[in-house]
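Go by the hints and put chain B onto chain A.
There are 2 protein chains.
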Amino acid sequence: MEDQLKDPSIFIGLQGKNLISFGSGQPDLAPPEQVFKILPKYKQFKYGLIQGQENLREALSKQYEKSNKANFVITNGASEALDLTFRSICQPGDKVLVHKPYYYSYVPLLEKNHLKPVFTETINGKIDFNDFEEKAKGCKAVLINSPSNPTGRIQEISILKKIEKTCAEQDITIVSDEVYKDLIYERKNYMLHGDHVVTINSFSKTFAMCGFRVGYLYSKDKNIVKKTIALKTHTSMNTSIIAQEMAFEATKAPHSYQQEQLTIWKKRRDLIYQGLLDLGLDLWNPEGAFYVLPKVPNPRKTVWDLFKKHKVITYLGDWFGAPERIRLSYALDQEKIEEGLKRIGTYLKA
Amino acid sequence: MEDQLKDPSIFIGLQGKNLISFGSGQPDLAPPEQVFKILPKYKQFKYGLIQGQENLREALSKQYEKSNKANFVITNGASEALDLTFRSICQPGDKVLVHKPYYYSYVPLLEKNHLKPVFTETINGKIDFNDFEEKAKGCKAVLINSPSNPTGRIQEISILKKIEKTCAEQDITIVSDEVYKDLIYERKNYMLHGDHVVTINSFSKTFAMCGFRVGYLYSKDKNIVKKTIALKTHTSMNTSIIAQEMAFEATKAPHSYQQEQLTIWKKRRDLIYQGLLDLGLDLWNPEGAFYVLPKVPNPRKTVWDLFKKHKVITYLGDWFGAPERIRLSYALDQEKIEEGLKRIGTYLKA
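Line by line, the protein sequences give chains A and B.
Residue numbering for the first sequence follows the numbering used here, beginning at 1264 and increasing consecutively.
Residue numbering for the second sequence follows the numbering used here, beginning at 1264 and increasing consecutively.
So here's chain A without its partners, still in its complex pose (with noise of 0.2 Å):
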């Protein structure tokens, strides 16, 4: 029934052949063809730096401005790395700032942090900075997603700027989520920084490397990087190594890799975001990520429906602090996405 409902872990994992998901959060296309080209000859086994590996460390500092392999450390997923840097900068009972709708994960991983998450809303998805001000005194750190799951906006270059300088000015720390930063249809990514920023970054979404899991944190704040590597010495060591290597070898695909992506990507925002229109939804079009937020008449009913009697796996926008909205990811190729719009289309008719 709708009640077991709680979170996405119900839908994870499940297959069928009629199923349409528009649930989990992954990129079907397949990695830089190089990712795999290093395995035949691979060979190390011994532990790893538990910072990284120094080439991969290496690579990544060109990708950020005034950087050097210092300043990263590779983890297990931007998940690791979320929580790497929430233990290391924060006492139980901290506060953290978060802006709705928000990452399911964010909330959990701040409790089982023993952290007290505080809300910002958004209008149509963009930070309200006048109201983000006022909730973020006295937080210890304020957490941006942008572009965000699982609204897919986009947060305005002049706000960015206007929430490194309060931050700055009140000495909290910003953890800036851009694992996304490289799908964004509208603009280049603006990246937050400064020396109060911890970016998390990770290979699963840019390079569809979701279950290699190779992220990773990026700060200029020395005595940031210096605990996050003491923690991880005794939580879980060194990434794997042999992911680092592939990730490595994904530093060196050619640029067109991105952008055939990103086209690929492109097509099917428009296609999902029009057909969600057409059935008379009401949502946000997206301007990164691959997700939409549409609004639905009672959404719990709704995700149970579409996944009972119609196949389509949605996830609940309850879960993300949007509880009038139901999630949908275009993580699927055109035909399957044709083929649940004219699903939910089905049953929104009915």
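Check each hint, because a few of them may be wrong.
The list treats identical chains as interchangeable, and a pair is accepted whether it falls inside one copy or across any two copies.
To be verified - Below 20 Å or equal to it, Euclidean Cα-Cα: the simulated EDC-like pairs (lysine to aspartate or glutamate) are:
hint	residue 1	residue 2
1	K1358	E1396
2	K1490	D1270
3	K1300	E1508
4	K1530	E1550
5	K1612	D1541
6	K1309	D1291
7	K1375	D1357
8	K1612	D1545
9	K1304	E1508
10	K1489	D1270
11	K1306	E1508
12	K1363	E1397
13	K1309	E1508
14	K1428	E1396
15	K1309	D1445
16	K1530	D1596
17	K1389	E1550
18	K1363	D1394
19	K1309	D1596
20	K1489	E1374
21	K1572	E1265
22	K1490	D1458
23	K1558	D1270
24	K1485	D1270
25	K1490	D1357
Hints are computed from structural coordinates only; laboratory data are not their basis.
Same frame as chain A, but now just chain B:
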């Protein structure tokens, strides 16, 4: 200077042609061949199950009596298994009993999780049950490590059974770190078992797969399994799928692989144990794992001088709760062990 000897990180990753390292506890012997054989054809890239790949959990369940794949969670090495376990079963302020000398990560791991380590002394590396029982009162969990890093000692089966009984009676969880379970020279391993036990294990020592980071936790308590999965969903997601596939291949290695390794370890054990005795040092004969923990005069100066003057890395016993001793890992070939012993002899005679 000597005061740089704060923790093992000072030595990690150090290499040099003339350097003899008794430091890091990682096998120098290679993993089973078949681990690498799957690589040329490997093409998967999507998220795996948070709990771990089914084939690997299925294979593991065959190694544990009356278990099934639902009892296992695959983790980024034993370190993550320990971290997830303590975060899942404890609340900040809870007490956890640890026997001295202990693996150096235990205390920082507990402290970083806001838990209070409580210590029981051992007699020649063996748990003193009366003291154990007294100190266990009021603890949320006890952490057992047999065979032990850094002592190489195993706990008596009769004592392990008493620990099972008293912990069950007092509703104390036993966290049993058995990563050296397959490296015992004296008898077969006795696995602590029961509804109150969480077994921690890994592919790092048995199969020399340290760098890939595949460990796991095993428990009959479904609630603990569920909680650790829920936590891992937000803190790191699945363990690297390619590393898990390699670990699955390792489970198919012939029994002769482990037998051959054990024969080599035993030879090295005999060599270093007798060698250090011959130098007049007081130490316990290791019954498992690959460490010795001799008493030396002025350990801090000894570790520093051995490193600076003789290019020999040893670890300070103080990091393991054994301030009168130093730890030597004998995970290096016979020739190097002999050369290292010679240098230590030269130093001690001077």
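Results for each hint:
no.	hint	verdict
1	K1358 with E1396	within (14 Å within a copy, 40 Å between copies)
2	K1490 with D1270	between (32 Å within a copy, 14 Å between copies)
3	K1300 with E1508	both (11 Å within a copy, 17 Å between copies)
4	K1530 with E1550	within (12 Å within a copy, 64 Å between copies)
5	K1612 with D1541	within (12 Å within a copy, 88 Å between copies)
6	K1309 with D1291	between (32 Å within a copy, 8 Å between copies)
7	K1375 with D1357	both (12 Å within a copy, 15 Å between copies)
8	K1612 with D1545	within (15 Å within a copy, 83 Å between copies)
9	K1304 with E1508	both (12 Å within a copy, 17 Å between copies)
10	K1489 with D1270	between (34 Å within a copy, 14 Å between copies)
11	K1306 with E1508	both (11 Å within a copy, 15 Å between copies)
12	K1363 with E1397	within (15 Å within a copy, 50 Å between copies)
13	K1309 with E1508	both (13 Å within a copy, 17 Å between copies)
14	K1428 with E1396	within (11 Å within a copy, 56 Å between copies)
15	K1309 with D1445	between (33 Å within a copy, 19 Å between copies)
16	K1530 with D1596	within (10 Å within a copy, 59 Å between copies)
17	K1389 with E1550	within (11 Å within a copy, 63 Å between copies)
18	K1363 with D1394	within (12 Å within a copy, 53 Å between copies)
19	K1309 with D1596	between (40 Å within a copy, 15 Å between copies)
20	K1489 with E1374	between (24 Å within a copy, 17 Å between copies)
21	K1572 with E1265	within (13 Å within a copy, 70 Å between copies)
22	K1490 with D1458	within (15 Å within a copy, 36 Å between copies)
23	K1558 with D1270	within (19 Å within a copy, 54 Å between copies)
24	K1485 with D1270	between (37 Å within a copy, 19 Å between copies)
25	K1490 with D1357	within (17 Å within a copy, 23 Å between copies)
Violation of the numbered hints given earlier is absent; every hint is satisfied by the structure.
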